[in-house]
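> Take a look at the letters that make up each chain.
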Amino acid sequence: MTLMTELLINVTNGLLWGTVLGAVSVGLTLIWGVMKVVNLAHGESILLGSYIVSVLLLFMGVDPMVGMFVALGSGLLLGLTIYWLNLHKIIGHVDVINLRIEMSTLLEMFAVSIILYNLYSFFTRSEPFGIGIWHLGPTSYINIGYMSVQVNHITAAALSLGATFIIYQFIAKTPTGKAIRAVMQDSQAAALVGIDPVKIKMLTTVISIGFTAFSGFLVILYESAVVPSIAYKYAPLAFTIVVLGGLGSIMGSYIAGIIIGGIYGVSKVIFSLLVGKNASDPLALTTAFVILVLTLLFKPEGLFGRKR
Amino acid sequence: MKSRLAISMATIALIIIIAVAVIAGAVYYFLMTKGPAEEFGGVIKIGVTVSLKGKYQREGDLALKGMQVAVKWVNEHGGVVVGGKRYNISLVYYDDESSPDRVPQLYSKLVEEDQVDILLAPYSSTLTKAAAPVAEQYKKVIISHGGASDSIFQQGYKYAVQVLTPATKYLRSIITLLKEQNDPDIKIALIYENTAFSSTVAKGAKEAIQEEGLNLVYEFAYEKGTQDFASIIEEAKAAGANVLLGGGHFQDGVALTQQAWQLGWKLKAIGILVAPTLPDFYETLGDAANGVMAPAQWEIGVKYSPEAAQQLGIEWYGPTNEEYVQMFQDMFGETPDYHATEATAAVLFAVKAIEKAGSLDSDAIRAAASQLDIMTCFGRIKIDPATGIQVAHQMVVIQWQNGEKKIIYPPEAAEANPIYPATNWWER
Numbered sequence: 001m002t003l004m005t006e007l008l009i010n011v012t013n014g015l016l017w018g019t020v021l022g023a024v025s026v027g028l029t030l031i032w033g034v035m036k037v038v039n040l041a042h043g044e045s046i047l048l049g050s051y052i053v054s055v056l057l058l059f060m061g062v063d064p065m066v067g068m069f070v071a072l073g074s075g076l077l078l079g080l081t082i083y084w085l086n087l088h089k090i091i092g093h094v095d096v097i098n099l100r101i102e103m104s105t106l107l108e109m110f111a112v113s114i115i116l117y118n119l120y121s122f123f124t125r126s127e128p129f130g131i132g133i134w135h136l137g138p139t140s141y142i143n144i145g146y147m148s149v150q151v152n153h154i155t156a157a158a159l160s161l162g163a164t165f166i167i168y169q170f171i172a173k174t175p176t177g178k179a180i181r182a183v184m185q186d187s188q189a190a191a192l193v194g195i196d197p198v199k200i201k202m203l204t205t206v207i208s209i210g211f212t213a214f215s216g217f218l219v220i221l222y223e224s225a226v227v228p229s230i231a232y233k234y235a236p237l238a239f240t241i242v243v244l245g246g247l248g249s250i251m252g253s254y255i256a257g258i259i260i261g262g263i264y265g266v267s268k269v270i271f272s273l274l275v276g277k278n279a280s281d282p283l284a285l286t287t288a289f290v291i292l293v294l295t296l297l298f299k300p301e302g303l304f305g306r307k308r
Numbered sequence: 001m002k003s004r005l006a007i008s009m010a011t012i013a014l015i016i017i018i019a020v021a022v023i024a025g026a027v028y029y030f031l032m033t034k035g036p037a038e039e040f041g042g043v044i045k046i047g048v049t050v051s052l053k054g055k056y057q058r059e060g061d062l063a064l065k066g067m068q069v070a071v072k073w074v075n076e077h078g079g080v081v082v083g084g085k086r087y088n089i090s091l092v093y094y095d096d097e098s099s100p101d102r103v104p105q106l107y108s109k110l111v112e113e114d115q116v117d118i119l120l121a122p123y124s125s126t127l128t129k130a131a132a133p134v135a136e137q138y139k140k141v142i143i144s145h146g147g148a149s150d151s152i153f154q155q156g157y158k159y160a161v162q163v164l165t166p167a168t169k170y171l172r173s174i175i176t177l178l179k180e181q182n183d184p185d186i187k188i189a190l191i192y193e194n195t196a197f198s199s200t201v202a203k204g205a206k207e208a209i210q211e212e213g214l215n216l217v218y219e220f221a222y223e224k225g226t227q228d229f230a231s232i233i234e235e236a237k238a239a240g241a242n243v244l245l246g247g248g249h250f251q252d253g254v255a256l257t258q259q260a261w262q263l264g265w266k267l268k269a270i271g272i273l274v275a276p277t278l279p280d281f282y283e284t285l286g287d288a289a290n291g292v293m294a295p296a297q298w299e300i301g302v303k304y305s306p307e308a309a310q311q312l313g314i315e316w317y318g319p320t321n322e323e324y325v326q327m328f329q330d331m332f333g334e335t336p337d338y339h340a341t342e343a344t345a346a347v348l349f350a351v352k353a354i355e356k357a358g359s360l361d362s363d364a365i366r367a368a369a370s371q372l373d374i375m376t377c378f379g380r381i382k383i384d385p386a387t388g389i390q391v392a393h394q395m396v397v398i399q400w401q402n403g404e405k406k407i408i409y410p411p412e413a414a415e416a417n418p419i420y421p422a423t424n425w426w427e428r
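Going down the list, the sequences are from chains A and B.
Going by the numbering used here, the first sequence runs without a break in its numbering and finishes at 308.
Going by the numbering used here, the second sequence runs without a break in its numbering and finishes at 428.
No wet-lab data here; the hints were simulated from the structure.
Since we're looking at a predicted model, the values are computed, not measured.
The reader is advised that the hints may include incorrect statements.
Here are the simulated lysine-lysine pairs, DSSO-like style, with alpha carbons at most 30 angstroms apart [claimed, not checked]:
1) B:Lys187 to A:Lys233
2) A:Lys178 to A:Lys36
3) B:Lys187 to B:Lys203
4) B:Lys382 to B:Lys45
5) A:Lys277 to B:Lys382
6) B:Lys179 to B:Lys65
7) B:Lys237 to A:Lys277
8) A:Lys233 to B:Lys55
9) A:Lys277 to B:Lys65
10) B:Lys303 to B:Lys382
11) B:Lys53 to A:Lys277
12) B:Lys237 to B:Lys187
With the Cβ distance kept under 10 angstroms, some of the chain A side facing chain B (calculated, not the full set) [claimed, not checked]:
13) Leu58
14) Phe122
15) Gln150
16) Asn152
17) Gln185
18) Asp186
19) Gln188
20) Glu223
21) Val227
22) Lys233
Backbone N, C-alpha and C define an ideal beta-carbon position, used for all residues, glycine too.
I would like the entire structure built from these sequences, with the hints used as guidance.
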């Protein structure tokens with residue numbers, strides 16, 4: 001295979017994966033950007049959606065295209081539960097989030113993360129759960145000349161674009177969305193003009209976790225099968241992407257996700273030339289975190305974030 | 001002078017005759033080993049991930065070595081002939097670090113980037129379950145050599161096939177062997193660990209006991225980590241059981257056997273999973289180990305041979321058992337175990353399926369695989385055409401006899417006769 005083809009294959013793959021990473025990060029940028037809640041249970045929230053889709057398909061024969069709405073719904077419910085159980089007492093009635101409050105929410109979310117992780121491990125016995133042979137349409141992969149691409153990967157990219165577009169429009173155009181942005185910019189001022197910050201904080205948590213669970217469906221489309229430890233693969237990447245894209249910026253996160261995917265593809269080729277194919281994969285993932293360090297050093301507000 | 005000339009003429013003639021004979025022999029040998037000269041078609045790529053780090057490091061390393069032996073043997077013996085052209089085979093592999101979250105992407109990579117023609121599954125049922133859906137999406141045949149779980153083959157996968165005995169049949173060989181003893185007084189106690197694997201084995205064992213018309217008088221599933229079996233054993237004794245089947249992992253298998261011995265349970269036969277196949281079993285239990293049987297996918301002394309295959313009327317493929325062990329030792333300086341041999345068998349099965357299909361098309365290979373019924377150094381291999389699950393490969397049964405581990409079943413692999421009833425356990 002020529003270097004050119006190898007590059008093409010890896011970049012195509014990287015960009016397709018990038019759309020999934022982008023969607024996975026959108027939920028995090030909302031909850032982190034608006035409420036300063038460092039959602040350490042992000043990976044587990046993703047997995048909720050993956051498992052719902054997989055279990056519905058395997059045990060009840062529910063088509064994943066229907067299952068994804070159940071995943072979204074259960075994510076919204078999880079968001080509601082997390083808000084009232086873990087977050088409301090800490091952030092519900094405060095206007096300025098200081099470091100002490102941020103640390104408390106971080107610990108709360110850490111607890112949620114551990115609880116969910118262990119529940120998943122217990123119920124799945126850490127065995128892979130997947131969507132097996134399911135795919136949209138008559139064929140499971142298509143040939144695009146230099147490589148074959150799974151239809152599921154294309155489906156994931158298309159759904160990720162569509163869903164992100166919808167949530168972007170929601171935040172940008174609807175009154176609720178505007179209220180969310182108002183609280184993000186200045187919670188006290190928002191309250192002065194009649195926005196109920198508690199309602200907005202609850203809504204943001206619910207939307208954020210709901211969208212994250214939905215993105216879990218994209219993850220399972222991309223990975224074919226998931227295990228609990230996949231949370232530790234996606235959550236750190238999502239944090240990097242949110243920082244790169246700029247805290248609270250939906251478009252920023254989505255584009256940053258695609259950028260990270262692309263960089264992953266390119267660096268895989270570079271590393272496979274340098275250290276051989278076998279070792280290239282983990283090193284290419286490391287690149288993403290090098291980018292995190294560089295972003296924090298030189299452009300801490302992120303590519304699309306506001307200067308503070 | 002004349003006679004000296006005659007002698008030297010005769011000598012020259014003799015030398016010429018010998019030289020001609022040697023050259024003719026060499027040419028003949030060359031032609032025979034090369035076979036009819038097919039045009040060289042290239043390389044067929046077999047893709048796989050192996051666990052070189054993490055939990056399955058040891059098993060993964062052995063599996064990889066087993067595959068490498070098979071690849072070397074196949075290439076040294078003319079490769080694969082597909083469509084009139086001769087191909088060599090090569091192995092493309094990545095390290096999956098024993099982690100199911102790395103497997104799907106690596107298998108995508110094997111198909112997309114390396115464009116492999118056929119896949120082998122990783123070691124263990126868990127990793128196989130992570131790889132099979134990817135193979136299915138890309139419509140590549142994937143051969144399981146280390147995934148014994150039946151459930152892999154109950155999910156409707158079209159391209160997954162298995163060369164090793166599935167979990168539900170682990171105890172079947174021992175049960176068949178019991179049946180063959182024609183003993184009217186067999187009362188079985190089934191005592192097994194309550195884990196996914198052992199429960200599946202027990203489920204299959206119960207079906208086999210019923211099919212063979214044997215008598216199951218006691219059943220108990222103990223929790224993982226159980227070390228005290230006294231009350232369970234007393235219950236089983238009270239139920240009149242005289243055959244013990246079950247176990248789970250090493251520790252509990254040893255504890256169960258030891259306590260059955262110490263509590264004076266008179267048994268005609270003892271069949272325990274996993275533990276007795278390891279040398280530590282005898283070292284720990286001494287005389288109590290004698291008579292104990294265990295199922296194994298493969299053991300180093302098995303007597304599968306081209307002659308045994310001929311008797312069954314099926315084809316033999318691959319190195320003979322001695323040849324295989326020798327090659328393995330020459331290449332890696334250690335002896336193979338079943339993790340290695342089942343991987344070897346997977347490569348041999350892949351090659352045979354491709355050859356029979358006469359094409360590299362996945363559907364053709366899968367269809368050809370359904371029709372194969374071959375014997376290798378790993379034993380007989382034949383899959384169920386619909387599900388791909390293994391139906392012909394039998395677990396070999398080992399029994400400790402006077403401190404030595406002997407293969408006693410099936411007859412085509414056995415090196416010793418079974419001792420039944422186990423004298424030291426029954427007549428004490």
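> Answer holds if the nearest beta-carbon of chain B is closer than 10 angstroms to that of A:Asn152; otherwise answer violated.
6 angstroms, holds
> Measuring from the C-beta of A:Lys233 to each C-beta in chain B, is the shortest one below 10 angstroms?
Holds, because the Cβ-Cβ distance from A:Lys233 to chain B comes to roughly 6 angstroms (cut-off 10 angstroms).
> Given the proposed pairing of B:Lys53 with A:Lys277, does the C-alpha separation stay at or below 30 angstroms?
16 angstroms, holds
> Is the hinted pair B:Lys187 and B:Lys203 satisfied, with a Cα-Cα distance of at most 30 angstroms?
17 angstroms, holds
> Could you check if A:Gln185 really has its C-beta closer than 10 angstroms to a C-beta on chain B?
38 angstroms, violated
> Does A:Asp186 hold up as a contact with chain B if the rule is Cβ-Cβ below 10 angstroms?
Where the cut-off is 10 angstroms and the nearest Cβ of chain B is about 41 angstroms from A:Asp186, the hint is violated.
> Holds or violated: the hint that A:Leu58 contacts chain B, with Cβ atoms closer than 10 angstroms.
8 angstroms, holds
> Is the shortest C-beta separation between A:Val227 and chain B less than 10 angstroms?
4 angstroms, holds
> Can the restraint linking B:Lys382 and B:Lys45 be considered satisfied, given a maximum Cα separation of 30 angstroms?
23 angstroms, holds
> Checking one constraint from the list: CA of B:Lys237 to CA of B:Lys187, max 30 angstroms. Satisfied?
10 angstroms, holds
> Classify the hint on A:Glu223 as holds or violated, based on whether any CB of chain B lies nearer than 10 angstroms to its CB.
5 angstroms, holds
> Tell me if the straight-line CA distance from B:Lys303 to B:Lys382 falls inside 30 angstroms.
Holds, because 19 angstroms separates the two Cα atoms, which is no more than 30 angstroms.
The structure fails hints 1, 5, 6, 7, 14, 17, 18, 19 (numbered hints given earlier, in ascending order).
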